Each structure stands twice: as C-alpha cells, then as structure tokens.
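Asks: Sequence:
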Amino acid sequence: MKRPLAEVLAEVPGCWVAVDRQTNEPRAVAKSPYELAAIIKSDRLTGVSVVRAPDPLEPELVGLG
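Residues in the sequence shown are numbered consecutively from -11, following my numbering.
To be clear, the hints were calculated from the coordinates, so they are not data collected in a lab.
It is possible that some hints are incorrect.
Quick list of simulated restraints, FRET-style, between CB atoms [to be verified]:
hint : residue 1 : residue 2 : range
1    : Gln10     : Gly51     : 32 to 42 Å
2    : Leu52     : Arg32     : 14 to 24 Å
3    : Lys(-10)  : Thr34     : 17 to 27 Å
4    : Pro1      : Gly35     : 36 to 46 Å
5    : Ser20     : Leu45     : 27 to 37 Å
6    : Val50     : Gln10     : 12 to 22 Å
7    : Leu33     : Lys(-10)  : 12 to 22 Å
8    : Pro21     : Pro47     : 11 to 21 Å
9    : Leu49     : Leu(-7)   : 16 to 26 Å
10   : Met(-11)  : Leu52     : 19 to 29 Å
Owing to the predicted nature of the structure, the values given are computational and were not obtained by experimental measurement.
Built from N, CA and C at the ideal position, the CB exists for glycine as well.
Based on the sequences and whatever the hints tell you, model everything.
Replies: See below:
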C-alpha cells in the first residue's frame, strides 16, 4: 500500500528526499540537493522524485506581495 507523501516527509523535516514513485518510500535522504544528487548518481537510483521536506519551524511563504 502506498504511504501518504506527507507522512513520509514528516519523518525527515528540512531534508531533501528521493521518493520512490511507486511506493512513496524514501530511497535516499540528504541535507542539500547537491548531496542528494550525488547519492542518486552513485547509487544509480531510478524511478524516484526529488522533494524537499518542509520543516514545521520554517516560515511558510503565502503570496508574493
């Protein structure tokens, strides 16, 4: 069963995550997008989407004005 993405991202606040597109399970986690890209390349991960997990302590951008 596919886990809700919000549940997966809540486990790694503030991190960049490579999430499996089929199961929504995290395949790799890193503190920066560059570090995550290096992991994806070195581990030859495929079938993943890259998402940044929001940190609840960060301010949320609402609108541009």
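Asks: Look at each hint and say if it fits the structure.
Replies: Going down the list of hints, with the structure as the test:
| no. | hint | verdict |
| --- | --- | --- |
| 1 | Gln10 <-> Gly51: 32 to 42 Å | 35 Å, holds |
| 2 | Leu52 <-> Arg32: 14 to 24 Å | 39 Å, violated |
| 3 | Lys(-10) <-> Thr34: 17 to 27 Å | 18 Å, holds |
| 4 | Pro1 <-> Gly35: 36 to 46 Å | 24 Å, violated |
| 5 | Ser20 <-> Leu45: 27 to 37 Å | 18 Å, violated |
| 6 | Val50 <-> Gln10: 12 to 22 Å | 33 Å, violated |
| 7 | Leu33 <-> Lys(-10): 12 to 22 Å | 18 Å, holds |
| 8 | Pro21 <-> Pro47: 11 to 21 Å | 20 Å, holds |
| 9 | Leu49 <-> Leu(-7): 16 to 26 Å | 20 Å, holds |
| 10 | Met(-11) <-> Leu52: 19 to 29 Å | 38 Å, violated |
Against the hints set out earlier in the document, violations occur for numbers 2, 4, 5, 6, 10.
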